[in-house]
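Asks: Same order as they appear, the protein sequences are chains V and H.
First residue of the first sequence? That's 177 in our numbering, and the numbers climb one at a time after it.
First residue of the second sequence? That's 177 in our numbering, and the numbers climb one at a time after it.
Hints should not be assumed to be uniformly reliable.
Pairs involving identical chains hold if they fit within one copy or between any two copies, as the list cannot separate such chains.
[Unchecked claim] Straight-line alpha carbon distances no greater than 20 Å define the calculated SDA-like cross-link-like pairs of lysine to any residue that follow:
| no. | residue 1 | residue 2 |
| --- | --- | --- |
| 1 | Lys308 | Tyr353 |
| 2 | Lys308 | Tyr319 |
| 3 | Lys299 | Asp355 |
| 4 | Lys228 | Val196 |
| 5 | Lys279 | Glu296 |
| 6 | Lys315 | Ser334 |
| 7 | Lys217 | Val196 |
| 8 | Lys308 | Asp274 |
| 9 | Lys299 | Gly354 |
| 10 | Lys228 | Phe200 |
| 11 | Lys299 | Ala203 |
| 12 | Lys315 | Thr357 |
| 13 | Lys299 | Gly280 |
| 14 | Lys228 | Ser206 |
| 15 | Lys299 | Arg204 |
Note that these hints are calculated values from the structure, not bench results.
The model shown is predicted, which means the values in this text are computed figures rather than measured ones.
Number of protein chains: 2
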Amino acid sequence: MVLSKAQLTRSHIIHKSAEVFNQFGYARTSLADLMQATGLKKGGIYNHFASKDELAIAAFDYSVGLVQQRYAEALRGQRLAIERLRIVVDTFCSGIADEPVMKGGCPLMNTAVDSDDAHEGLKHRAQAAMDKWRTMLQKIVLYGQNRGEILAVVDPESVATIVIATLEGAVMMSGLYGDRTHLDLAHRHLIQYIDSLQATS
Amino acid sequence: MVLSKAQLTRSHIIHKSAEVFNQFGYARTSLADLMQATGLKKGGIYNHFASKDELAIAAFDYSVGLVQQRYAEALRGQRLAIERLRIVVDTFCSGIADEPVMKGGCPLMNTAVDSDDAHEGLKHRAQAAMDKWRTMLQKIVLYGQNRGEILAVVDPESVATIVIATLEGAVMMSGLYGDRTHLDLAHRHLIQYIDSLQATS
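The shape of chain V in the complex, shown without the other chains (with noise of 0.2 Å):
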C-alpha cells in the first residue's frame, strides 16, 4: 500500500500529537503545542482534521492501537492461560517502564481521568478501550477455566477489575514519584495474584 502525502501528513499529525495529549492531558493541549510537535501550522493541522476534538479522538485511537498492538505479539502463541495472564500484566509494566509505548503514562488512564467531567466523545472512548482491555481478560479466564487450568469459584469480572484497577493504580504512584517501585510492586503482587488462581491439578 503506498500511502499519499495527505495520508502520510495526516498519520504524522496523529502520531506527534498522540504523545503530546498523553503528557499534558486534553484540556491543557494548546494548539501551539501541536503546531510545535508536528511542526505544522495551524491550517497544516486543520486541513486533517475539523477539530482539536477530532484530532483528541484520532489521537487516543492510535496510542491504544499500539498498546494493543503489544498485547497481540506477546500473546501471539502462547495457550495456558495462566501464562496468558502473566504475559498481559509483565506487557503492561514493560509498556509503562522498560520500553515505554508512550511518553507520559498509561493513555487509557490519562484520558479517564482527564475527560471524567468534561470531553464526552474522548470519554466514550476510553470506555470502548477499557470494555476491550476487560474483554480479553475475562475471556482469558474463562478459557482457563474450560481447560480445568483456573478454578471455577474464580470471577473473570473480579480478576479482570483487580489485575487493571492494581496496575493503574500503580501507575498513577509511580507517575507522581518519577519512580518505577510502585509499578514493581505491583508486578510483583499481581503475579502471585495470578498464579493463586490456578487450579491444583
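Chain V is already provided as a structure; the job is to place chain H on it using the hints.
Replies: Same frame as chain V, but now just chain H:
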C-alpha cells in the same frame, strides 16, 4: 475562636473552589468557574489568593484534610491491626461512593494525574499526601507484626502500595463508567487480601 470576615471569606473560597478543581482539574478550571462557584468577583478572590496556583494548593490541602479527618474518626478506638486496615479500605470506598467527601472522585488521584507533567507545586503536595497515606498503612502493618497479629514475612511497603493502587485504579474505572461496580469488586478483593496477611494463632 471567632473568625474574622476575611477568614470566613477565605475559607468559603477554598471550600467552593476545592469541588470545582476536583471535578474539572487544575488546567480546565477557569477564573469564571471559580467566580461562579464562590459567588465572588475576580477581586474578591484575588484579595485572598495571589494566584490560581495559590488557591489550587489551598484547595488541595483542604480536600486532603477532609479525607484525613474521615480516617481519623473511623479509626478512633480501633486497636486491632487487621481491623484498622479493613477500616481504611471501608472508609476510602464509602468516601467515594456512599457519602462522597467531595464531588469528582479522589482529589489525590485527580491531582496526581492532572499535575503529572505540569504543576510542580501541586505535584509536591500530592506526593506529600501520598507519603502520609502510605506511612499510615505501613505503620498499621508494623504495629500488627509487633503484636504478632500480622505475618512477619509481609512487607509493609508492599501492602501500602497494593491497597492504594487497587483502590485508586478502581476509582478510575468506576469514574470512567459512572458505576460503582469496580470499586465494590476492589473493596471485596482487598478485604480478602487483608485477611490473608493475618498470622494464624
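Asks: Hint by hint, note whether the structure agrees.
Replies: Hints and how they fare:
1. Lys308 x Tyr353: Close across copies (13 Å), not inside one copy (29 Å); limit 20 Å.
2. Lys308 x Tyr319: within (16 Å within a copy, 42 Å between copies)
3. Lys299 x Asp355: For Lys299 and Asp355, only the inter-copy Cα distance (14 Å) is at most 20 Å; the intra-copy one is 28 Å.
4. Lys228 x Val196: within (12 Å within a copy, 24 Å between copies)
5. Lys279 x Glu296: This pair counts as between: shortest inter-copy Cα distance 18 Å, intra-copy 24 Å.
6. Lys315 x Ser334: Close inside one copy (12 Å), not across copies (29 Å); limit 20 Å.
7. Lys217 x Val196: Answer is within; shortest intra-copy Cα gap is 16 Å, inter-copy 34 Å.
8. Lys308 x Asp274: neither (24 Å within a copy, 28 Å between copies)
9. Lys299 x Gly354: Close across copies (11 Å), not inside one copy (26 Å); limit 20 Å.
10. Lys228 x Phe200: both (14 Å within a copy, 18 Å between copies)
11. Lys299 x Ala203: Intra 13 Å, inter 18 Å, cutoff 20 Å: intra and inter.
12. Lys315 x Thr357: between (30 Å within a copy, 19 Å between copies)
13. Lys299 x Gly280: Close inside one copy (18 Å) and across copies (15 Å); limit 20 Å.
14. Lys228 x Ser206: both (9 Å within a copy, 19 Å between copies)
15. Lys299 x Arg204: both (16 Å within a copy, 16 Å between copies)
In the structure shown, a violation is registered for the earlier hint numbered 8 alone.
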